[in-house]
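Protein chains in written order, with the working numbering: chain A, 3 to 372; chain B, 3 to 372; chain C, 31 to 364; chain D, 31 to 364.
It is worth saying that the hints were derived from the structure and are not from the lab.
Everything numeric in this text was worked out from a predicted model, so none of it was measured.
A portion of the hints provided could be inaccurate.
Claimed, not checked - Derived pair list, reagent style DSS-like, types lysine-lysine, alpha-carbon separation capped at 27 Å:
no.	chain 1	residue 1	chain 2	residue 2
1	C	209	A	370
2	D	293	C	223
3	B	342	C	293
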Amino acid sequence: PAPMETVESAELLASKRNVLRTRRVNVDQKVAQMLYEDMVLGRQFEDMIAQMYYKGRVAGFVHLYNGQEAVSTGVIKCLRPDDYVSSTYRDHVHALSKGMSAREVMAELYGKETGCCKGRGGSMHMFSAEHNFVGGFAFISENIPIALGTAFASAYKRDSMGTAKDMSVTCCFLGDGASNNGILYECFNMASLMKLPIVFVVENNSWAIGMSHIRSTAVPEIYKRGPPFGVPSVEVDGMDVLAVRAVAREAVKKAREGRGPTLIEALTYRFRGHSLADPDELRAPLEKGAWLARDPIERFGEYMKKRGFASDYTLKLAKKKIREIVNDSVKFAESSPEPKPEDVGKYVMTDDFQAGQPENLSSEDLRKYA
Amino acid sequence: PAPMETVESAELLASKRNVLRTRRVNVDQKVAQMLYEDMVLGRQFEDMIAQMYYKGRVAGFVHLYNGQEAVSTGVIKCLRPDDYVSSTYRDHVHALSKGMSAREVMAELYGKETGCCKGRGGSMHMFSAEHNFVGGFAFISENIPIALGTAFASAYKRDSMGTAKDMSVTCCFLGDGASNNGILYECFNMASLMKLPIVFVVENNSWAIGMSHIRSTAVPEIYKRGPPFGVPSVEVDGMDVLAVRAVAREAVKKAREGRGPTLIEALTYRFRGHSLADPDELRAPLEKGAWLARDPIERFGEYMKKRGFASDYTLKLAKKKIREIVNDSVKFAESSPEPKPEDVGKYVMTDDFQAGQPENLSSEDLRKYA
Amino acid sequence: VERTMFQALHMATAEEMERDPAVCVVGEDVGHYGGSYKVTQQLHYRFGNFRVLDTPIVENTFTGMAIGASCAGLRPVIEGMNMGFLLMAYNQISNNGGMLRYTSGGQFEVPVVIRGPGGIGKQLGPEHSQRLEAYLNAVPGLKLVMPSTPYNARGLLKSAIRDNNPVVFFEHVLLYNLKEEIPLLPYTLPLDKAEIARPGKDITLICYSRQRHVCTEAANRLAKMGIDAEVLDLISLKPIDLVSIKKSLQKTHKCIIVEECSKTGGIGADVMAQVIETCANDLDELPMRLSSKDIPTPYNRLLEEAVVVKPEDVVNSVVWMMASRGGVNVMPKP
Amino acid sequence: VERTMFQALHMATAEEMERDPAVCVVGEDVGHYGGSYKVTQQLHYRFGNFRVLDTPIVENTFTGMAIGASCAGLRPVIEGMNMGFLLMAYNQISNNGGMLRYTSGGQFEVPVVIRGPGGIGKQLGPEHSQRLEAYLNAVPGLKLVMPSTPYNARGLLKSAIRDNNPVVFFEHVLLYNLKEEIPLLPYTLPLDKAEIARPGKDITLICYSRQRHVCTEAANRLAKMGIDAEVLDLISLKPIDLVSIKKSLQKTHKCIIVEECSKTGGIGADVMAQVIETCANDLDELPMRLSSKDIPTPYNRLLEEAVVVKPEDVVNSVVWMMASRGGVNVMPKP
Ligand SMILES: Cc1ncc(C[n+]2csc(CCOP(=O)(O)OP(=O)(O)O)c2C)c(N)n1
Ligand SMILES: Cc1ncc(C[n+]2csc(CCOP(=O)(O)OP(=O)(O)O)c2C)c(N)n1
Ligand SMILES: [Mg+2]
Ligand SMILES: [Mg+2]
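Produce the entire structure from the sequences given, and follow the hints as far as they go.
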């Protein structure tokens with residue numbers, strides 16, 4: 003069980019559009035280390051992918067997560083293994099935070115048979131039945147109703163099947179661009195009506211490929227759009243892992259207890275282009291610089307040092323430890339077998355139901371038909 | 003030009019869910035008569051359709067408008083002929099208010115060649131190029147982006163083509179059920195971003211077939227959903243034609259002047275089942291009774307009498323005059339020819355562009371290519 | 031017991047919900063209202079509002095939700111109030127219904143049934159008369175099934191619910207009130223087997239859904255003219271039961287494909303191509319297609335009739351084909 | 031001048047926008063970003079943000095908006111950043127793009143072009159490798175056009191923009207950088223005419239889009255083996271140019287249909303059915319289809335390759351067909 007965490011007093015943080023009052027959770031050293039390592043894993047993993055992409059080992063459209071690590075770590079590290087995460091095409095780091103191994107994610111990026119989706123999905127389609135990661139969706143907003151569905155199943159299992167004591171929570175990630183898609187509001191409404199255990203997390207990184215949030219969105223405060231659909235909403239500094247963790251913990255707890263959905267708008271930034279194919283020509287250097295200065299990993303490292311949780315040396319050690327995990331994932335992916343071309347049709351269909359077997363009806367059942 | 007109208011002082015009205023402060027416009031006698039006649043036309047036309055449906059002259063799914071007349075009349079009678087109206091499957095009365103003749107609407111319901119759509123569309127698909135009525139759409143919410151499009155064209159013609167001095171306004175009608183569909187919020191956002199000349203009118207009649215608004219909608223106040231998408235919103239008593247006219251006039255004026263969209267939520271009720279095939283078993287008699295007592299036509303008749311605009315006798319005369327129009331439409335439809343079966347494929351495609359003609363380039367044009 | 035089609039579908043749904051608590055129904059007005067064609071009538075009293083879920087009018091969302099729930103172990107039956115409305119859910123049906131299992135490398139199954147009324151009814155106009163089987167046929171991963179009688183509707187729907195693949199189950203608006211004697215006790219039927227609706231030896235009429243009845247009527251008229259037509263009801267449009275087709279063609283050596291969807295991009299094109307590819311040797315006439323015209327279904331009754339295939343069209347074509355033996359329009363020997 | 035395909039499309043768009051102020055572009059990142067494949071690059075400088083409209087990510091809405099605008103006199107070109115994304119807009123494309131003119135009794139025309147990249151690229155995974163031509167083929171009222179070279183891309187797009195019917199214009203991701211010498215001065219090309227990409231007399235390869243190049247390569251290889259294959263690029267998938275097909279078949283008497291969409295519900299089935307119906311007398315072999323497998327396109331390179339038709343597949347099939355003359359799989363004479 004996670005160690006007790008309390009919430010610190012409000013702290014003023016500069017954000018890109020207003021001064022944000024954010025509470026942070028107070029974590030102990032072990033939790034802090036876990037959070038730090040998870041963020042570093044995310045960062046190093048993505049940097050490695052970029053290398054492998056330019057070497058031609060990884061292909062397709064590849065969207066990296068650099069800069070947004072505090073959101074993935076801050077939210078997903080509040081979850082239980084049986085909780086669900088639903089992501090977009092920018093999904094590798096969410097997958098790692100959820101506990102999927104670097105090996106299976108990297109191997110998927112390589113398209114290998116050992117990848118989580120056996121090489122069928124690739125970068126934009128990470129899935130894991132073991133880790134309730136559903137999934138990796140390439141189309142904007144299509145993951146939101148899917149997430150509503152896993153949340154619905156949790157509530158259903160408790161209320162209509164009695165097979166679950168308490169509810170698994172679903173965290174659904176989406177971007178600022180996706181937040182203009184109407185499906186989100188359909189899902190808000192339904193989640194609220196049924197008090198489903200779901201947390202919507204908008205990672206507002208100000209850009210949707212080349213479309214700046216301000217140009218695409220009449221009212222840029224996304225968190226204002228939850229309440230008219232019955233979804234309590236909160237804005238948070240997405241560059242501060244403890245601030246994210248604070249709001250996520252509350253939202254997850256509330257969801258699990260059957261008190262319904264929450265929308266978290268996390269203000270963040272991607273440090274790289276939209277995808278590895280994006281020339282990234284539209285974002286101003288000044289803007290990028292301002293956000294780079296707020297690197298969530300660096301900042302959290304400083305915080306840990308200030309709190310006496312770490313030293314430069316231990317942080318370096320942590321990074322080295324992670325580097326090995328990442329290197330190992332590459333080695334694993336490199337040495338893994340390709341899927342067999344003759345198996346290309348595997349997984350399209352599953353076994354058919356065999357009809358016509360005599361129905362096994364109890365005599366009680368039979369009486370019903372009499 | 004419409005006679006001057008002023009806005010009356012606030013009046014308290016009972017509504018189904020809260021006490022609504024509504025302003026009414028102050029109209030002169032001629033306008034009052036016009037509004038009254040339009041509502042009576044809507045009512046009598048629908049009642050006639052019901053008769054013809056039960057006689058087997060009109061077929062398909064037929065959705066009547068009884069009870070909601072104050073909305074159609076209150077909104078559409080503020081429009082100019084070049085303004086656009088976009089409606090749903092409950093479209094006959096909107097079409098009439100927009101100036102389409104009872105003959106062409108009735109003939110369409112009969113499926114005759116003289117119908118506005120030459121019998122191809124039927125009840126749910128009224129269209130008129132002459133009256134900028136686009137259209138009759140059978141699928142929930144699909145008319146909303148179409149309406150956005152006609153509004154976009156108005157703004158585009160003024161700003162990018164310079165072919166229009168001022169803008170035609172588009173009024174887009176939808177129901178409470180449709181308001182849970184996300185497309186509406188996509189359109190809100192875009193209309194607001196571009197300050198398009200559009201007025202969204204939600205006719206909240208509390209029911210979507212058998213789904214009560216309260217069961218389908220986490221926050222039942224639909225007008226609360228405009229502002230987070232940049233659309234100023236107002237709630238109005240949809241049983242009071244002058245109240246509707248007051249808000250509609252303002253919204254239309256604002257739209258025409260390039261000051262952007264408005265959402266009007268009109269609280270109203272349908273006096274009949276969802277369609278003529280609906281047994282209407284779920285709505286409580288008490289609820290129906292409460293709303294029937296607020297019949298917009300009766301109420302407005304009383305108001306006219308109070309203001310000295312009409313007497314029982316003149317109201318009866320008006321009704322009689324309208325009855326003749328409706329009867330005439332039936333006669334017209336009955337005696338109109340059926341479309342010819344051999345013409346069934348007409349109107350699927352229009353003439354192809356004939357490629358390969360030599361391009362007529364001026365010498366100036368040619369210089370560009372040099 | 032005698033049951034209409036909608037009653038048979040109701041039985042199937044109720045039985046499966048009784049049998050497996052993971053089975054639930056999702057859609058517009060499926061609960062309190064009982065479904066627009068009464069297939070889920072009163073089920074909410076028996077199974078609760080949660081298992082018979084009335085949704086807002088959000089096809090893409092509730093379809094996606096059902097698919098997500100199926101990934102998490104439920105077995106939702108999605109009702110399209112009219113199948114046409116599910117055009118709004120096309121993305122969820124194709125990308126996630128059809129492809130999610132594959133994309134995830136087989137990790138997640140999508141045991142949903144997507145069912146509801148479709149086809150050309152009585153003057154419902156262009157948007158309410160759609161034949162989505164033609165629009166969805168190319169989506170990988172889906173099974174497309176079309177019942178045609180109360181008997182097969184019940185058995186097929188039960189199998190569809192138990193199948194672990196996504197099944198799109200097309201009911202025809204004009205068949206809901208068709209009555210038939212069906213067994214009292216529950217039964218299941220294979221999703222992928224065609225049915226011989228009427229055996230015959232002279233020519234095979236390959237059809238599905240309501241056209242089965244059109245063909246049967248035509249066959250009865252043909253019988254009076256001494257022509258013995260076999261009516262083969264595909265039942266499964268995807269995959270097509272080529273084994274049954276071949277068997278029939280080995281007997282009749284001739285076929286006409288009769289469909290309600292329009293010709294271009296229709297099911298008939300697929301059947302025709304597959305028949306040519308696998309049964310050419312069994313044929314001594316070129317197969318022929320009778321389809322609806324490539325036209326949005328008009329509202330007017332006469333126009334609507336002009337669009338679809340009627341029994342007399344089938345009769346005429348059969349007579350023509352039987353008479354043309356040795357005629358010109360035949361594949362020449364190389 | 032030498033131009034790539036994306037440049038040719040850019041020229042066509044710019045020229046038409048210059049020529050007619052009612053022509054505008056609507057889509058995601060078409061403005062400031064210049065389009066995901068640079069087809070609309072810098073046009074917003076020339077024509078302003080309103081005529082080159084960057085939209086939020088709302089495919090159904092912006093497609094519907096463009097259709098509505100077209101009813102009011104504009105001529106919008108809708109760019110799907112990837113055609114697959116327009117699955118989200120399926121309802122607007124089919125009900126309103128395809129059917130609105132008919133439903134309104136011919137009162138409103140819908141002169142929109144819906145264009146963008148599609149097809150199987152390089153390891154883009156199941157969702158980004160879709161072939162919507164198969165999904166949209168059955169929708170009445172649409173024209174489906176697929177350019178295959180810079181030359182025809184420019185002339186066809188210009189015609190599509192001027193046509194008063196809705197045209198879905200499918201570009202292939204892998205062809206954008208194809209280079210070719212094209213005329214300096216503007217020209218238009220007919221939307222409904224097939225192109226003989228390579229004349230030949232022994233067999234006709236009926237194909238479209240990228241498969242034109244696959245077939246041409248195959249034909250070159252076949253030439254070395256003494257087989258003279260004609261490559262017929264359909265250009266228009268709907269309607270199909272049967273006149274050109276028939277002319278070709280009257281010469282070659284044999285054909286293979288090569289497509290990138292998967293076999294079931296594909297374009298090939300339609301072509302095959304129509305060829306059988308109208309050209310059977312011209313054939314001395316049964317037509318054959320080479321299609322992608324009925325599988326969502328996998329990410330892995332080897333699997334992806336295993337899904338599509340390659341030049342060697344075409345070569346093999348042609349050789350097989352040429353050799354099998356008098357073989358067994360032929361329609362017997364009655
Ligand atoms: C339905 C659909 N439309 C368009 C796209 C193309 N696309 C991919 S990412 C993207 C921008 C998304 O921006 P945002 O939601 O802010 O997420 P971010 O990339 O910033 O994480 C777009 C338009 C898509 N994948 N799916
Ligand atoms: C996309 C779509 N889904 C479902 C329907 C079926 N349907 C027709 S009317 C209706 C209820 C609409 O209610 P509301 O929007 O409140 O309008 P009202 O009928 O009350 O005028 C439904 C669900 C439809 N026509 N289109
Ligand atoms: Mg973003
Ligand atoms: Mg309503």
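Quiz prompt | Hints the structure fails to honour | solution = none
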